[in-house]
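Colleague: Relying on the hints, combine the two individually framed chains into one complex.
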Amino acid sequence: MDTIFALASARGKAGVSVLRISGAGAWDAVSALCGGRLPEPRRAALRRLIWQGDILDDALVIVFAEGASFTGEPSAELQVHGSIAVVDAVMRALGQMPGLRLAEPGEFTRRALENGRLDLEQVEGLADLIEAETEAQRRQAQRSLSGALGRLAESWRRDLVQAAALIEATIDFADEDVPVDVTPEVTALLARVQADLSAQIAGFGAAERIREGFEVAIIGRPNVGKSTLLNALAGRDAAITSDIAGTTRDVIEVRMDLAGLAVTFLDTAGLREATDAVEAIGIARAQERARDADLRVFLIAPGEDPTELAQVQPGDLVRIAKSDTPAAGGVSGKTGAGVPELLSEIGEILSQRASGAGLAVRLRQRQGIAAAADALDRARAALDPGGAASEIVAEELRSAARALEILIGKIGVEDLLDTIFSSFCIGK
Amino acid sequence: MKRFDVIVIGGGHAGTEAAHAAARMGAQVALVTLSTRDLGVMSCNPAMGGLGKGHIIREIDALDGVMGRVSDRAGIQFRLLNRRKGPAVQGPRAQIDRALYRAEMQAEMTGMANLRVIEAEVTDLRVDTGRVTGVVLADGTTLEAGAVILTAGTFLRGTLHIGDRQLRGGRMGDASADRLGDRLRDLGLGVGRLKTGTPPRLDGRSIDWAILDRQEGDAEPVMFSFLNRAPFVRQIACGITHTNARTHEIIRENLSRSALYGGYISSTGPRYCPSVEDKVVRFADKDSHQIFLEPEGLEDHTVYPNGISTSLPEDVQDAYVRSIRGLESVRILQPGYAIEYDYFDPRGLKGSLELTALPGLFLAGQINGTTGYEEAGGQGLVAGVNAVRLVRGEDPWLPSRRDSYIGVMIDDLRANGATEPYRMFTSRAEYRLSLRADNADQRLTETGISLGLVSETRKAAFGAKMAALSAARDQLSARIVTRAEAEDWGLPYAASGERRSLMDYLSIVPDTAAALLAQGGVMEGLDPETLTQLSRDATYEKYAHRQDAAVEMLRRDEDMRIPDDFDYAAISGLSGELGAKLAYVRPQNLAEAGRIEGMTPAALTLILARLRRLARDRGAA
Numbered sequence: 001m002d003t004i005f006a007l008a009s010a011r012g013k014a015g016v017s018v019l020r021i022s023g024a025g026a027w028d029a030v031s032a033l034c035g036g037r038l039p040e041p042r043r044a045a046l047r048r049l050i051w052q053g054d055i056l057d058d059a060l061v062i063v064f065a066e067g068a069s070f071t072g073e074p075s076a077e078l079q080v081h082g083s084i085a086v087v088d089a090v091m092r093a094l095g096q097m098p099g100l101r102l103a104e105p106g107e108f109t110r111r112a113l114e115n116g117r118l119d120l121e122q123v124e125g126l127a128d129l130i131e132a133e134t135e136a137q138r139r140q141a142q143r144s145l146s147g148a149l150g151r152l153a154e155s156w157r158r159d160l161v162q163a164a165a166l167i168e169a170t171i172d173f174a175d176e177d178v179p180v181d182v183t184p185e186v187t188a189l190l191a192r193v194q195a196d197l198s199a200q201i202a203g204f205g206a207a208e209r210i211r212e213g214f215e216v217a218i219i220g221r222p223n224v225g226k227s228t229l230l231n232a233l234a235g236r237d238a239a240i241t242s243d244i245a246g247t248t249r250d251v252i253e254v255r256m257d258l259a260g261l262a263v264t265f266l267d268t269a270g271l272r273e274a275t276d277a278v279e280a281i282g283i284a285r286a287q288e289r290a291r292d293a294d295l296r297v298f299l300i301a302p303g304e305d306p307t308e309l310a311q312v313q314p315g316d317l318v319r320i321a322k323s324d325t326p327a328a329g330g331v332s333g334k335t336g337a338g339v340p341e342l343l344s345e346i347g348e349i350l351s352q353r354a355s356g357a358g359l360a361v362r363l364r365q366r367q368g369i370a371a372a373a374d375a376l377d378r379a380r381a382a383l384d385p386g387g388a389a390s391e392i393v394a395e396e397l398r399s400a401a402r403a404l405e406i407l408i409g410k411i412g413v414e415d416l417l418d419t420i421f422s423s424f425c426i427g428k
Numbered sequence: 001m002k003r004f005d006v007i008v009i010g011g012g013h014a015g016t017e018a019a020h021a022a023a024r025m026g027a028q029v030a031l032v033t034l035s036t037r038d039l040g041v042m043s044c045n046p047a048m049g050g051l052g053k054g055h056i057i058r059e060i061d062a063l064d065g066v067m068g069r070v071s072d073r074a075g076i077q078f079r080l081l082n083r084r085k086g087p088a089v090q091g092p093r094a095q096i097d098r099a100l101y102r103a104e105m106q107a108e109m110t111g112m113a114n115l116r117v118i119e120a121e122v123t124d125l126r127v128d129t130g131r132v133t134g135v136v137l138a139d140g141t142t143l144e145a146g147a148v149i150l151t152a153g154t155f156l157r158g159t160l161h162i163g164d165r166q167l168r169g170g171r172m173g174d175a176s177a178d179r180l181g182d183r184l185r186d187l188g189l190g191v192g193r194l195k196t197g198t199p200p201r202l203d204g205r206s207i208d209w210a211i212l213d214r215q216e217g218d219a220e221p222v223m224f225s226f227l228n229r230a231p232f233v234r235q236i237a238c239g240i241t242h243t244n245a246r247t248h249e250i251i252r253e254n255l256s257r258s259a260l261y262g263g264y265i266s267s268t269g270p271r272y273c274p275s276v277e278d279k280v281v282r283f284a285d286k287d288s289h290q291i292f293l294e295p296e297g298l299e300d301h302t303v304y305p306n307g308i309s310t311s312l313p314e315d316v317q318d319a320y321v322r323s324i325r326g327l328e329s330v331r332i333l334q335p336g337y338a339i340e341y342d343y344f345d346p347r348g349l350k351g352s353l354e355l356t357a358l359p360g361l362f363l364a365g366q367i368n369g370t371t372g373y374e375e376a377g378g379q380g381l382v383a384g385v386n387a388v389r390l391v392r393g394e395d396p397w398l399p400s401r402r403d404s405y406i407g408v409m410i411d412d413l414r415a416n417g418a419t420e421p422y423r424m425f426t427s428r429a430e431y432r433l434s435l436r437a438d439n440a441d442q443r444l445t446e447t448g449i450s451l452g453l454v455s456e457t458r459k460a461a462f463g464a465k466m467a468a469l470s471a472a473r474d475q476l477s478a479r480i481v482t483r484a485e486a487e488d489w490g491l492p493y494a495a496s497g498e499r500r501s502l503m504d505y506l507s508i509v510p511d512t513a514a515a516l517l518a519q520g521g522v523m524e525g526l527d528p529e530t531l532t533q534l535s536r537d538a539t540y541e542k543y544a545h546r547q548d549a550a551v552e553m554l555r556r557d558e559d560m561r562i563p564d565d566f567d568y569a570a571i572s573g574l575s576g577e578l579g580a581k582l583a584y585v586r587p588q589n590l591a592e593a594g595r596i597e598g599m600t601p602a603a604l605t606l607i608l609a610r611l612r613r614l615a616r617d618r619g620a621a
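Line order of the protein sequences matches chains A and B. For the first sequence, UniProt numbering gives the first residue as 1, with consecutive numbering after it. For the second sequence, UniProt numbering gives the first residue as 1, with consecutive numbering after it.
Extracted from the complex, chain B is given alone in its bound form (with noise of 0.2 Å):
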């Protein structure tokens, strides 16, 4: 029997993140995939990042994990979403090279010390006394571990549907993983159907493309991750095209063949990304839908024309694309589908992504409710991290709202759960203006540091770009700006005649930076980079000042951490539905714990009261 601390099952976005973060932490790993070809997969659109995504990619890389690094790799267009609005809600997005980014992770992946990689099919976890110690593979063997990691993606159970047909597996071409999935569901654990579609790939040599217009990437790309700088290939554009009358004509004909209006699904769909039924019935008033024809790669003809997701059978999705302009001769290579497939309640795991349920066993991705790579990396990370603390004893790490986007996703699944997939928007983080894509090192490298997750580069990549910040500021705050300067650089001078520093300048009047590097640099060592920097920090200043008080609350509840054998049913005052609710959700902490609905001041005084109480009698014994 072969013994390793964590075993990762699956090895798509979230399973290549929690396995490399385990390694990174220098524990033993195994990753079990049903093959090695797959790691790093993209399954759906051939790109990455965007608004909300593009902060979680960065978080992912403040705390030195993959996926940023791979995407900046095997990026063949880059984006800054929201260029012209405030660095708050700028996202990087970019197309990605899908046959360059599996090179990449794979290479990352099996490049990895203390990371071993084991094609095999995973059909049992092997459970001790209530608590998972390892997984059974189909040929028998057993694999013990310290911790499991599932991350079975839209694997379990998964049925995809074209049209009237059915057929089992977890994406096109691939096999579903049905006996884990029974397992899991014995197990009592809360589980639902989710389903996502996704369109049919066209031959990019059967497109018109000199009558289409063309969407090119930004002129200065911005990167992924916080260690690069400029792209790594040569880079593309893509085509956008549009719906029309004729196409909406086709599908409304044709929607009762539809696998979604014939009555052969029943599961709930996103609403984020309608299929293309969808937009033609709910949005009937509109006669054109944009499409974006995303090339999936350099050396690969595939194109994925995104905005037209279908369950159609294949004639229909022959017809209706042949209606738009510049697809009038195309060649489909691989129909439209959707697939159905299982989740299991988020509100069943600790914030660590363990299952509350069975000890040992952490689930990470699509499996809790989720869509998106990003968002399966997030968790993935989260979970690698845990899975190696649980295994050496020491506390989780639990993410918060007030410091990322992960914290944000993680805290609304367990306390909401999911109705439909789970997709991580700005306007989810109250904090927005502090959560930034920019500034996602300055949050989380010192505790990935802490953690053990970082490299010594990006230690001192870190280090470096830290001591410059501080040491501009220091420079700025002292630097103070006479009358005649300002109005030699074109800022305004207070009338009042009041002293203030460049620094002072930089919160008060947006646009000082760019007055000070047309300048050609006001300061001897002053880089551009550093000063853009400090200038979208001190933008939202006096905002994070005015959200300190909540903040401050909201660490304080934090920081009251509840123990996971805390027993609701002894303090009495508390009433028998609300006891049993919490005992379900089993909140972390007391502001968790304050977020469950129906909770109310005297209940929760109650809980605090019993940890002050518990406190104190650790503390005397």
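Next up, chain A with everything else stripped away, as it sits in the complex (with noise of 0.2 Å):
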């Protein structure tokens, strides 16, 4: 049975995160993160986190044994620091390990069951964990996907289908009116997912939320005071760490540290009808900007209707503008009024996006993508016209769209069969 491992802790601000190990290859990996230094079971000992020649953190490392552990399995638990970086780099650490791999929500709950390590009672007090952490990663995983990466899953989607459902329809379809010969339509379409996932692959880190930051949109009509709402929320509780005009006219940034995450505020003056094209055009980007950022804080007058100036995702937040009664919603950026409560409010949000079924999320994200890519790479390489090994590259396309099942959601037999009696007349 895989290793798996996870998150324990619920989240990335605390001052200590515990990440979580299970299975035959727990103790190994734990190994090899620090230089072969195993400490002895039971026993929490100080090491220094090590992969691949960079220093991860300094670490309390506890082991326990087969029959000794929540999960009954050989375990480990790494005490890291409470960092967002430093959770996400040793997660990386393990999931580049063989063997092992990311635990799904409720796994070790699971062996820990199977194990005889828990009882129906304990079991049920768990239940809502797991729910919450299924959810967490479900809305997270909608989340990351709403923006550009979404519009390339999308693509990557629409053409593994077509490229499975070509190969599917000469092997299942063999005696019917179907193409003999498929490669070069279905070398194409691989060809391209495979050039979107090297790029993908390539940019792993440099773009990676973490570092770059969370960004939050103030959405609002002129001069309802989002100006002075900026000023006032980077003047107070946070570090103004830049201040620079965006590339756009209509874009203003502050950057600034809130609640230990790099946040930038985007003052997206000019929600407004454009006067001329020019205008329009930066008028038009700014609302784009504002869609895909992490999070919108809409500012209103009494009474008007947020979703005129534009879409109210998950998590957005509306406040009255120009008021002085926190409690009924109100912001006032001239005399401070609800500004401590705004910004906690947004740095609880970002905190809880950047840890625990964020990091899982982007941790899967990514391996699925590297496995995916492997996967197109072998496929490609099975491709041949006479269709000898069509069966071998179905298989890799299947496993290529397993792999990135998380990002494209599940690509089903009826989906490829829909494909197929759509493009060709089947029935002799």
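By construction, these hints were calculated from the structure, which means they are not laboratory data. The beta carbon of each residue, even a glycine, is placed where N, CA and C say it ideally should be. Careful: at least some of the hints might be erroneous.
Claimed, not checked - To give an idea of the chain B side of the interface with chain A (calculated C-beta under 10 Å), a few residues: (1) Gly52; (2) Leu81; (3) Asn82; (4) Leu255; (5) Arg271; (6) Arg282; (7) Ile291; (8) Gly307; (9) Arg325; (10) Arg546; (11) Ala569; (12) Gly573; (13) Leu574.
Modeller: The structure is reproduced here in structure tokens:
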């Protein structure tokens, strides 16, 4: 059985984060990280975690023997510093080890249950946690797919379904009116997806949200008090790290450190009717930035409907502008009323997204993309005009689709059949 | 009152397979059919097997069923589809002589000890305290049984459509079984309606064969049954012709008179078997469609034009058929028609094919929303086995997705129901590389033996084959190939000088078997067939390894059986909606539960926890 790992502590913000590893390869994995200096079972020891020459962290390491752990399997706990970047780096290292993979929600509990380490009452107590974890990952995955990656994933799905359908058509409908050689079309489709995947792999790390930080857009009509609010946000509790004008005249960026996260506030001035063509382009760009931001703060006049300004996405905040009563959803940049509440709420939401579910989803996406790229390499190597190994190509396409499931959704046989029956006249 | 262990209603492909399987296991079986003459009638095309379907026949044969053996005896043209592709996706197919098939099937059925064929109409089921205990015949007679298998095919409230004309019936010339259909509807089972179609049947003597292309069978015919080596009767060729612009014009002009397009039929037909009307409408850019002219028998002049099923009126059928090359002066012996029939939502079945709502009653074949003789036969076999096991108080036999296409089919049906007639494709099997037609016996015959399904003859043949495979594997693994030999045989030699056995070569170099055979047998006592089979196994070995972890997880979850009376309401923390869904579908094990839509890891963990509690309580008691 695979060795699994996951972040066991709930928050990245805390002083200490706990990573848990369970399965036959758990001890080996820990040993690999601490240079072979495995502590005695059940004794906490300080170890420097090093992976491929990089120091990840100084961590407290505890290993548990088979039959004497939460899951009943050989397992280990790594208590690392509660920084999201550290947790992310350690998880990434673990994910690169052969035989190790990120645990599915509830998988630790299930193993514990199967090994007789938990009873029904304890499981019932854990069920809500598992449910919450599943839901958090689902929402996080959905969110991360709402932007540019989502559009890419959509095209990967389309291309993979099309490629697999062509291959399957030559297999299952050999006696029918379908093309004998689908190699050129399949090659083109796979090459397209491969190029995208390679670009993504090259961008791993560089394009990480954690390093780049989060974007929060402030949306509202002109003169509703956005700029004043922005200044107030920047001036209190938070250190301004830079203050640069945006690339377009319509977006002002303010970067700051909030709850240990790099956050860029976007002042999207100009959500109004454009008076000239140039301004219209600027406004469109501002709207796009706001839509793709991680979070939106809608600043509205009393009684105004925020959906008239832009689409309200899950988690977005709505505040009544120029109001001194935070209890009624008000905020004022001028008096500072409601500003601390707003800041702490934004910090809360973002750190939740950065930690736990967020890390897991990103790791899964990264691993999925890498595994899919490998499978597509093998698929293309097996392609030949005579179709002699088409069942192998199909098998590799299946693994690629499975690896990308978290990004592109499940591709079932019905998806392939739909494409086959609409492309070819089957039925001799 | 007469008493049997198992009563099978219907003598089609599901019914014969079910009755024969039950009888092979030693049960006292009655097969009730409207007409003994119709045992094993092929109501649609005169062919068996193909991709996915041929795999199912091999699986039936591996369990010593009848379909493969009878098809071999009646086969008049054998073709192994995808011969040039990998062994996993090769499927045996044959044109069948209808009359021979029927005769051979009747001989199988009537020659079987403890199997009685009763010619009668079943009008009702006998139900005692919520359990089926027998059947009532039209003359009022009651037959008692421990279990009943219903294989009504398209006969439940069947309606035939020829243009705007409708007839009641399950097949041209046969009455439909309406009373039984009503009775089942009263049970409150989910009922749906499906349709399928047939082409007009042609008189072969009026076809101009001389101007048509021909499709011959394989030079080296491959049989369905593991026990057979060569065809039994004379072999024939099929003809090939095409529709043309004129044909399409005639069809388009008369679309409103088609039952399908005239609004007489609303039920769902299969996308993979469209009527010629559908083809012309949906693929309007194609100006020609291929038609295979399949002779229905050696002594029969009837020809089945595969590819032009229709529900147009007879005069239009006449006109469009005669617009086709080679068919200019053809005589139609029987018009094509579409048929609508009832089926029961297969999500109401257990994995054993017993109805959850009515214990003691099993359903198999088209009545479960499938299409095809092979799909019906596979279900018949499963129902037959499980009916006997139910009567004997034994646990059901549940074929799995990882061991057979039959398992894939039943799992698909139970999980997703049928929105169109369900047909097997190899792409439905995620373990396709392991589920091959060539290894169906290696996968299933052992199971068949332990179920009591397999005759002594087959047992002996299977034992000999497995022994030969194992001996040859040892022999090949022990035989190290030298550099000189590799060069001599035209095989690559590892640059590293790594020592490789012949077995290694088989899995790494695809052409090894051919190279060895070309050498005229490198090793003493190694017969070509054994070598070829080892080579096929070796081809996919690394993929099988890659899937091992997934298979292992699936097996563990399948082994976690959920009892039929499992109380989902008692699980706190399970949402009401999910609980209700689980209670309806009644997954048989944790793997099935996991595939139910809307299932969450938390819910699955809760079910598992309760299962363990139950097991512990039982252990303590």
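Colleague: Compare the structure with the hints numbered earlier in the document and write down the numbers of the violated ones, lowest to highest.
Modeller: 4, 9 and 11
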